[in-house]
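Peer 1: Residue numbers (our numbering), protein chains in the order written: chain F, 1 to 327; chain X, 328 to 682.
Treat the hints as calculated values from the structure; they're not laboratory data.
None of the values given here were measured: they were computed from a predicted structure.
Treat each hint with caution, since some may be false.
[What the hints assert, rightly or not] In silico PhoX-like pairs for lysine-lysine, Cα to Cα no more than 25 Å straight-line:
#1 X:K534 - F:K258
#2 X:K534 - F:K274
#3 X:K534 - F:K269
#4 F:K274 - F:K258
#5 X:K628 - X:K602
#6 F:K27 - F:K61
#7 X:K425 - X:K534
#8 F:K258 - F:K269
#9 X:K420 - X:K534
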Amino acid sequence: MSAPLLSVENLVLTFPAETGRIAVVDKLNLTIARGETLALVGESGCGKSLTALAIMRLLPKPGRVEASSRIEFDGRNLLELSVPQMRAVRGGAIGMIFQEPMTSLNPVTTVGDQVLEAVWLHEKMSRSAARERVVELLHMVGIPDPRARFSAYPHQLSGGLKQRVMIAMAMAMRPRLLIADEPTTALDATIRAQILALLRQLSFDTGTAVLLITHDFGVVNEIADRVAVMYAGMIVEEGTRRELLSHPRHPYAQGLLKSIPRPEARGNKLLEIKGVVPRPGRWPPGCRFAPRCPSAFDRCQAELPHRTTLSSSQGAWCHLVEYEVHT
Amino acid sequence: MTILSADALLEVRGLQTWFPIRSGVLRRVRGQVRAVDGVDLTIYPGETLALVGESGCGKTTVGRSLLRLIEATGGNIWYDGVNLSRLSLAAFKPYRQKMQIVMQDPGAALDPRLTVRDAIAEGMEAFGLGASWAGRTERVADLMRRVSLDPELMWRYPHEFSGGQRQRISIARALAVEPALLICDEATSALDVSIQAQILNLLGELKAERGLTYLFITHDLGVVRYFADRVAVMYLGRIVELGRTERVFNAPQHPYTQALLASIPSLDPDRRGVKAMALGDVPSPSCPPAGCHFHPRCAVKLPSCSTYDPPVVPLRDGLSRCVLAPFCAGGEGEPERTAVPTVGPSANAAGAARP
Chain F
1 MSAPLLSVEN
11 LVLTFPAETG
21 RIAVVDKLNL
31 TIARGETLAL
41 VGESGCGKSL
51 TALAIMRLLP
61 KPGRVEASSR
71 IEFDGRNLLE
81 LSVPQMRAVR
91 GGAIGMIFQE
101 PMTSLNPVTT
111 VGDQVLEAVW
121 LHEKMSRSAA
131 RERVVELLHM
141 VGIPDPRARF
151 SAYPHQLSGG
161 LKQRVMIAMA
171 MAMRPRLLIA
181 DEPTTALDAT
191 IRAQILALLR
201 QLSFDTGTAV
211 LLITHDFGVV
221 NEIADRVAVM
231 YAGMIVEEGT
241 RRELLSHPRH
251 PYAQGLLKSI
261 PRPEARGNKL
271 LEIKGVVPRP
281 GRWPPGCRFA
291 PRCPSAFDRC
301 QAELPHRTTL
311 SSSQGAWCHL
321 VEYEVHT
Chain X
328 MTILSADALL
338 EVRGLQTWFP
348 IRSGVLRRVR
358 GQVRAVDGVD
368 LTIYPGETLA
378 LVGESGCGKT
388 TVGRSLLRLI
398 EATGGNIWYD
408 GVNLSRLSLA
418 AFKPYRQKMQ
428 IVMQDPGAAL
438 DPRLTVRDAI
448 AEGMEAFGLG
458 ASWAGRTERV
468 ADLMRRVSLD
478 PELMWRYPHE
488 FSGGQRQRIS
498 IARALAVEPA
508 LLICDEATSA
518 LDVSIQAQIL
528 NLLGELKAER
538 GLTYLFITHD
548 LGVVRYFADR
558 VAVMYLGRIV
568 ELGRTERVFN
578 APQHPYTQAL
588 LASIPSLDPD
598 RRGVKAMALG
608 DVPSPSCPPA
618 GCHFHPRCAV
628 KLPSCSTYDP
638 PVVPLRDGLS
648 RCVLAPFCAG
658 GEGEPERTAV
668 PTVGPSANAA
678 GAARP
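Pulled out of the complex, with its shape left as it was, chain F reads as follows (with noise of 0.2 Å):
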């Protein structure tokens, strides 16, 4: 096996709190293989995107990505670069689309000319030559008539059209790794369906690797390849797509597939996680979803569960689990 595109290592994000620096993702690892499709999936305030922000060297003051982290991608350590090289990795190997399409784009200046622009910070090429290569990624994207929308400004788009302007900015560069956090959450389901598959094509197409932000396993099932489940700023459980769906192991992870309303539930309750997220700063001593746990005992009130390996992708970090594979 080659080395990884991206290998994240021990990552810990820390903010200020009255009591010093609370960690809000802690010692995490993660690795995407090259035009590998990576889901990271969880519930609001895991962590996620802050892991996501930390990969672009993005996350917003006064966090910080503690000393002991490595994120390296292709062979290069993202944390030592400096500000110019960080500058072009952003836009140009990494590309990244958010959930807002509408306060991601400037509203006054075209779209086409805001997708030119990041042409040329990362090629010099004539403006007509941009310009053509421009209309050729509106139109990779699905825009119809993209010569004319070249010089549409963001308002004149539907929520749709925008998000694939911010798709084509993002793969301008031909970036290796593209990171989507929550790219159809604030989309229709008619539109949703759309992007869904512009996303698959294009990862076929051109072998970018994806790391995909999501709360949505229905989003997971139709483009990942792999998963890993956060909760509470750390892993619980990876695997493939199929191995998570079909299954999961991690109590949280089987709590979250069952509270899913499907047909199969209709007139019986759904399953519920007991009481909320517990917020960084707040975390249990031992594993931290052991206060809503159905199956917790002793040892997971006091004590963090390492990795227990179940298959060559699948891995859980729960001391239930443990027992069940060694037992």
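Dock chain X against chain F, hints included.
Peer 2: Coordinates of chain X only, in the frame set by chain F:
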């Protein structure tokens, strides 16, 4: 004259809510946004009717027009045989007690300056319920226990609660005046999935206990399929399909319903690949396309669809608004079409009739 079904709780006929577009120095009316454009609905006591559609289809405006939070520009609403549209606002007030609403964002729906106790008791005070201040406070405590909130917290303010807890407060507040109909406008959409499950379970329990009727406005088809008895699908201000939940999901008749259902991602790892069946984007309700509103996005349109407004085709359990509906290939679960349609749950089928 309209024939009303005797056993309906709420009957809506030809509901129309248009918003004027004004421009220029004189603020002349230049056009109308036809947010709701001729909606007929019947809600039977004890049922859960889901109103689904994408953003801008007018589903929220329907909910607000029913409560006269927005005044409709046309149409009639009967509650228990009384035509609400003809009542003065003062005469309408008692009906606000019978119809309550739970909104999407409980953070915005709750007054930040009212304690939880005052927020829940506000409606009781407005309708003169509860003998005394202490009596109302006792009832607030009961309601809080019912929605699984600790009554000790009643002197706190909304910002001290999580999103799920705030939605519980909104539900307790609505229940405080003992409504018959609860309009849930995207009540679980802003919540995380594990919290959504808690709220859906709570709403299910409350319905069973109190015989509540729900109008469940949502864009989440998974929730609809799990929770609703019947579904009305809206597109650009109109209902394009209506029927029993099982039938609509198993044998959708309108091409828009079909596109909507095909766009739901499955959770089954063996079933991957949503279909983007609706082309392009939703047009603006200020200038809906001529003919069938859906025709520019429709995959099976006929040449006549761009000029000819499709009739309402009655189905045994509802309706479809598509010229192709009478000719759709029959499959399993295919609803029979009848000359005099009956709508509503089977228990009520005999008494129901449409104009």
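Peer 1: Could you run down the list of hints and mark each one as holding or not?
Peer 2: Do the hints match the structure? See the list:
1. X:K534 - F:K258: holds (22 Å)
2. X:K534 - F:K274: holds (21 Å)
3. X:K534 - F:K269: Judged against 25 Å, a Cα distance of about 13 Å means the pair holds.
4. F:K274 - F:K258: holds (13 Å)
5. X:K628 - X:K602: holds (18 Å)
6. F:K27 - F:K61: Judged against 25 Å, a Cα distance of about 20 Å means the pair holds.
7. X:K425 - X:K534: holds (15 Å)
8. F:K258 - F:K269: holds (10 Å)
9. X:K420 - X:K534: Judged against 25 Å, a Cα distance of about 24 Å means the pair holds.
Checked against the numbered hints given earlier, this structure breaks none of them.
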